[in-house]
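K.L.:
From first to last, the protein sequence lines are chains R and U.
With my numbering as the guide, the letters of the first sequence map in order to residues 1 to 481.
With my numbering as the guide, the letters of the second sequence map in order to residues 1 to 337.
In case anyone wonders, no lab produced these hints; they're calculated from the structure.
Heads up, the beta-carbon is just placed ideally off N, CA and C, and yes, glycines get one too.
It is possible that part of the hints are untrue.
Computed cross-link-like contacts, BS3-like style, restricted to lysine-lysine with a CA-CA straight-line distance of at most 30 angstroms [stated by the list, open to error]:
#	chain 1	residue 1	chain 2	residue 2
1	R	K125	U	K329
2	R	K43	R	K210
3	R	K208	U	K329
4	U	K105	R	K210
5	U	K105	R	K125
6	R	K208	R	K433
7	R	K217	U	K105
8	R	K432	U	K329
9	U	K105	R	K429
10	U	K105	R	K209
11	R	K433	R	K217
12	R	K433	U	K245
13	R	K210	R	K429
14	U	K192	R	K216
Some chain U residues flagged as far from chain R (calculated, every beta-carbon gap over 12 angstroms) [unchecked claim]:
#	residue
15	F71
16	P72
17	A74
18	L88
19	E185
20	F224
21	L232
22	V277
23	R324
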Amino acid sequence: MDLDVAILSRIQFAFTVSFHIIFPSITIGLATLIAIWEGMWLKTHNPYYLQLAKFWIKPFAITFGMGVVSGIVLSYEFGTNFSKFSEITGAVLGPLMAYEVLTAFFMEAGFLGVMLFGWQRVGRKLHFFSTLTVMIGTWISAFWIIVANSWMQTPAGYKIIDGKFEVESWMAVIFNPSMPYRLTHMVMASLITATFVVAGISAYYLLKKKNIPFAKKGLSMCMWFALVLTPLQAWIGDMHGLNVREHQPTKLAAMEGIWPAEEENVPLLLFAMPNMETESNDYQVGIPNLGSLILTHSWEGAVQGLKAVPPEDRPNVPLVFWSFRVMVGIGVGMMGIAALALLLRRKGRLYENKAFLSLVTFFTPMGVIAVLAGWYVVEIGRQPWIVYNLVRTSEIVSPLPAERVLFTLTMFVIIYSLLIGVYLYFMRKLIKKGPPSMEALEQQLIGMKAPGYALAWVKSLTTQEQNGQTHNNPTIKQGDK
Amino acid sequence: MMDLAFFYFLVLGFAIFMYVLLDGFDLGIGILYPWFDQDGERDHLMRSISHVWDGNETWLVFGGVVLFAAFPAAYAGITSTFYLPIMLMLFALIFRGVAFEYRFKSDTSRPYWDFAFSAGSAIAAFCQGMLLGSIVQGVPAGVDSLSSLHWLTPFSILTGFAVMAGYALLAACYLFMKSRGRIQEHAAKLGKQLLLITILAMVIVSVWTVASQVEIRQRWFSGFNFLWLSPLPIITLVVALLAWKDLNSHANGTVHHEGRPFWYAATLFLLGFAGLVVGLFPYLIPRQLTFMEAASPDSSLLFLLPGVCIFVPLICTYTLWGYRVFAGKVEDYQEGY
Numbered sequence: 001m002d003l004d005v006a007i008l009s010r011i012q013f014a015f016t017v018s019f020h021i022i023f024p025s026i027t028i029g030l031a032t033l034i035a036i037w038e039g040m041w042l043k044t045h046n047p048y049y050l051q052l053a054k055f056w057i058k059p060f061a062i063t064f065g066m067g068v069v070s071g072i073v074l075s076y077e078f079g080t081n082f083s084k085f086s087e088i089t090g091a092v093l094g095p096l097m098a099y100e101v102l103t104a105f106f107m108e109a110g111f112l113g114v115m116l117f118g119w120q121r122v123g124r125k126l127h128f129f130s131t132l133t134v135m136i137g138t139w140i141s142a143f144w145i146i147v148a149n150s151w152m153q154t155p156a157g158y159k160i161i162d163g164k165f166e167v168e169s170w171m172a173v174i175f176n177p178s179m180p181y182r183l184t185h186m187v188m189a190s191l192i193t194a195t196f197v198v199a200g201i202s203a204y205y206l207l208k209k210k211n212i213p214f215a216k217k218g219l220s221m222c223m224w225f226a227l228v229l230t231p232l233q234a235w236i237g238d239m240h241g242l243n244v245r246e247h248q249p250t251k252l253a254a255m256e257g258i259w260p261a262e263e264e265n266v267p268l269l270l271f272a273m274p275n276m277e278t279e280s281n282d283y284q285v286g287i288p289n290l291g292s293l294i295l296t297h298s299w300e301g302a303v304q305g306l307k308a309v310p311p312e313d314r315p316n317v318p319l320v321f322w323s324f325r326v327m328v329g330i331g332v333g334m335m336g337i338a339a340l341a342l343l344l345r346r347k348g349r350l351y352e353n354k355a356f357l358s359l360v361t362f363f364t365p366m367g368v369i370a371v372l373a374g375w376y377v378v379e380i381g382r383q384p385w386i387v388y389n390l391v392r393t394s395e396i397v398s399p400l401p402a403e404r405v406l407f408t409l410t411m412f413v414i415i416y417s418l419l420i421g422v423y424l425y426f427m428r429k430l431i432k433k434g435p436p437s438m439e440a441l442e443q444q445l446i447g448m449k450a451p452g453y454a455l456a457w458v459k460s461l462t463t464q465e466q467n468g469q470t471h472n473n474p475t476i477k478q479g480d481k
Numbered sequence: 001m002m003d004l005a006f007f008y009f010l011v012l013g014f015a016i017f018m019y020v021l022l023d024g025f026d027l028g029i030g031i032l033y034p035w036f037d038q039d040g041e042r043d044h045l046m047r048s049i050s051h052v053w054d055g056n057e058t059w060l061v062f063g064g065v066v067l068f069a070a071f072p073a074a075y076a077g078i079t080s081t082f083y084l085p086i087m088l089m090l091f092a093l094i095f096r097g098v099a100f101e102y103r104f105k106s107d108t109s110r111p112y113w114d115f116a117f118s119a120g121s122a123i124a125a126f127c128q129g130m131l132l133g134s135i136v137q138g139v140p141a142g143v144d145s146l147s148s149l150h151w152l153t154p155f156s157i158l159t160g161f162a163v164m165a166g167y168a169l170l171a172a173c174y175l176f177m178k179s180r181g182r183i184q185e186h187a188a189k190l191g192k193q194l195l196l197i198t199i200l201a202m203v204i205v206s207v208w209t210v211a212s213q214v215e216i217r218q219r220w221f222s223g224f225n226f227l228w229l230s231p232l233p234i235i236t237l238v239v240a241l242l243a244w245k246d247l248n249s250h251a252n253g254t255v256h257h258e259g260r261p262f263w264y265a266a267t268l269f270l271l272g273f274a275g276l277v278v279g280l281f282p283y284l285i286p287r288q289l290t291f292m293e294a295a296s297p298d299s300s301l302l303f304l305l306p307g308v309c310i311f312v313p314l315i316c317t318y319t320l321w322g323y324r325v326f327a328g329k330v331e332d333y334q335e336g337y
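Construct all of the structure, not just a fragment, from the sequences and the given hints.
P.N.:
Below, the structure written as structure tokens:
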């Protein structure tokens, strides 16, 4: 069998990066939620916030761990599999990645130990500071990675000397044309992903009638977040789309399945099977002119199509087209859920409607799927270029024997399949175990030398739990200093 | 600009040394794992590093990106040439990394995580030693040789075991500092044995290197060089003796300096590292690529400069703080999160 090392290396990178992205897209958002809960606890002394923070820190820890080990692989794969790429773009991408490690990665790792294990070792303010630092670390990390990726999408601020990139303006490199859209879109996606993970598990508890006050608090908060975040994300996504149209018209054409070199009155395709052989769509169903309206914000606006560039400069159209639809479909679904939640809340049935709770539970992993689909649009849509319109992906592969890459690829598939299984198994275990009871929290608060009011409140809730009462009315007033 | 490139050469050296020192002792804990009892003792070992392993491993990523950012040609050359040992190291690091998270949450699967942690640590350390050995021996030029197993030589296997022994020594000294009673006693005993093995390995590797590498031999023995360099082996022996004395004090029942052996072991690594740099300077890939030739353009080196100057000291400060928060014996920590 004749194996192509370029294809194998690309599959390996796609596989390892897809596996990796699952975890940061959860942890960026989850770190933020945990910081919010811990902050709310410090401010209001309501122990349910502490319970939320204390419970979700465990899934956060295992997710973070998976992100770390799979991320280290990526930082070496640039060199192992794409040595030519790292040689010609090293002067641009290397310093960006170095800044990521210096300003984010070390900070997350340095304060994570205190965030996870330091509850009884440092004061509660210093602990909150550590949690905040980890959260900010995840954001800064996202910033640099997105900067590097955006530069490959819309390169700027460079000159090419002896076939290698050199930087003329770092400001232009960092604030390249697509970076702001990509960054906000990704950070939002991560917040939404975590929101729906928490909402889904909370809804599951409500369905199973377990940990009711805890689950109500989690679901309610997350549905408010979703109500704000999902429309905002749609708006950012729309602006990002306009940016893609301006800078990467071929990618946009693939996303929308537009074939003519230039097309007016573009329909919004609901269904189509893009056919790269015939250069047209099969089974096309669309809404007339809506595509023009969305893409150009005018009824008849013209958009550049795929045939404007030769076939060898086009990405894999069906993959981009369908990934885009999966992402948008999930986004619309999430917006629907948030709206539905508002409706049910007004009727006072947010925590009782079984169909709704099942739907939210079903959506637990949807954020991750949407993020993956979104990245496929971005990355496959950029092909056949690794640096858009400048360097072809086929030109930058390490001169490795194909069997060697096949071997490591097989290993990655085996190891990562095993790991994802283990990850899901332990997540399930944590979820089944549920949050710490008020009694356990009381013990921990004693260890933390918490102030009297916090303990008194938890104690009152503990007695209520033991008396079989589950309602959420603290008998001790807050601010009782 | 030669000076800027030299600065990054120092930064790279610092990153590698920090990695070897910090991940050295926590990989070493994994290597020592089989010598400790199933439950209580292994819990103790794991807990002694579970809050720091992540930060320690970050130095490996930092070393990689400094190489990538400041010396892209060397990064491309080294990582693609040593494809298999690097991949093997990464697989091993994956297994031991996740073992930290899952071991404490497992019931029935605990033996598997113990195995993943221990085997992962040992293999990662061995691969790093092999990489070191093959870089010292010289990397074959050209792409044709990529299909061969040039990195698998008797010398690189020896350096693989040598690094394992050194990491295990660091770990034994770390445990000596972080534990009491039976575990500490056991750590002292293992520490003494590992000290002997490490010194022996250092001697064999040095002699072998000097005997087989003409350039390194010339560097060490031409003119008065050996006179200038002779403090390196002499101090190494003195430090080893001091470490032995402290570890041995445990047997006499008078433990005074529980932290000191770790710093002696770290000094041994520093001296070995210095000896290596003396032999190879100014090459990043021996006899092929110097750090000047591999350096990024000035625009990139200058851009990264404030980042390195501000953040490396800052990182060291909060890393130290993190260690201080968990200072003292492991028994005194409360259970985690």
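K.L.:
Each hint needs a verdict: does it hold in this structure or not?
P.N.:
Consistency of the hints with the structure:
Restraint check for K125 (chain R) and K329 (chain U): the C-alpha separation of about 25 angstroms stays at or below 30 angstroms, so the hint holds. Straight-line distance between C-alpha atoms of K43 (chain R) and K210 (chain R) comes to about 27 angstroms, which keeps the hinted pair within the 30 angstroms bound. At roughly 43 angstroms between alpha-carbon atoms, K208 (chain R) and K329 (chain U) are farther apart than 30 angstroms, so this suggested pair is violated. Between K105 (chain U) and K210 (chain R) the CA atoms are separated by roughly 21 angstroms; this keeps the pair inside 30 angstroms, and the hint holds.
Distance check on the hinted pair: K105 (chain U) and K125 (chain R) sit about 28 angstroms apart at the alpha-carbon level, within 30 angstroms; holds. As the CA atoms of K208 (chain R) and K433 (chain R) are separated by approximately 13 angstroms, the hinted pair is consistent with the 30 angstroms bound. Proposed proximity of K217 (chain R) and K105 (chain U) is supported: the alpha carbons are some 26 angstroms apart, at most 30 angstroms. Taking the CA atoms of K432 (chain R) and K329 (chain U), the gap is about 33 angstroms. The hint is violated against a cut of 30 angstroms.
For the hint linking K105 (chain U) to K429 (chain R), the alpha-carbon distance of about 9 angstroms falls within 30 angstroms, and the restraint holds. Proximity of K105 (chain U) to K209 (chain R) is assessed by CA-CA distance (about 25 angstroms); at most 30 angstroms being required, the pair is judged to hold. For the proposed pair K433 (chain R) and K217 (chain R), the alpha carbon gap of about 18 angstroms is at most 30 angstroms, so the pair holds. Of the pairs offered as hints, the one joining K433 (chain R) and K245 (chain U) is violated, with about 50 angstroms between alpha carbons and a cut-off of 30 angstroms exceeded.
For a cut-off of 30 angstroms, the pair hint linking K210 (chain R) to K429 (chain R) stands: about 15 angstroms separates their Cα positions. Taken as a hint, the K192 (chain U) and K216 (chain R) pair is broken in the structure, with Cα atoms around 58 angstroms apart against an allowance of 30 angstroms. The beta carbon of F71 (chain U) is not kept farther than 12 angstroms from every beta carbon of chain R, the shortest such distance being approximately 8 angstroms. Distance check for P72 (chain U) against chain R: the nearest CB is about 2 angstroms away, which does not clear 12 angstroms, and the non-interface claim fails.
Not every C-beta of chain R lies more than 12 angstroms from that of A74 (chain U), the closest at about 10 angstroms, which undercuts listing it as non-interface. Under the 12 angstroms C-beta cut-off, the non-interface status given to L88 (chain U) relative to chain R is violated; the minimum distance is some 9 angstroms. Listed as outside the interface, E185 (chain U) is consistent with that label: its C-beta sits roughly 26 angstroms from the nearest C-beta of chain R, beyond the 12 angstroms cut-off. With a closest Cβ-Cβ approach of about 39 angstroms to chain R, F224 (chain U) is found to remain outside the 12 angstroms limit, as its non-interface label requires.
With a least beta-carbon separation of about 31 angstroms from chain R, L232 (chain U) lies farther than 12 angstroms from that chain, consistent with its non-interface assignment. Every Cβ of chain R is farther than 12 angstroms from the Cβ of V277 (chain U); the closest lies at roughly 22 angstroms, confirming the non-interface assignment. The beta carbon of R324 (chain U) is not kept farther than 12 angstroms from every beta carbon of chain R, the shortest such distance being approximately 10 angstroms.
Consistency note: the structure conflicts with the earlier hints numbered 3, 8, 12, 14, 15, 16, 17, 18, 23.
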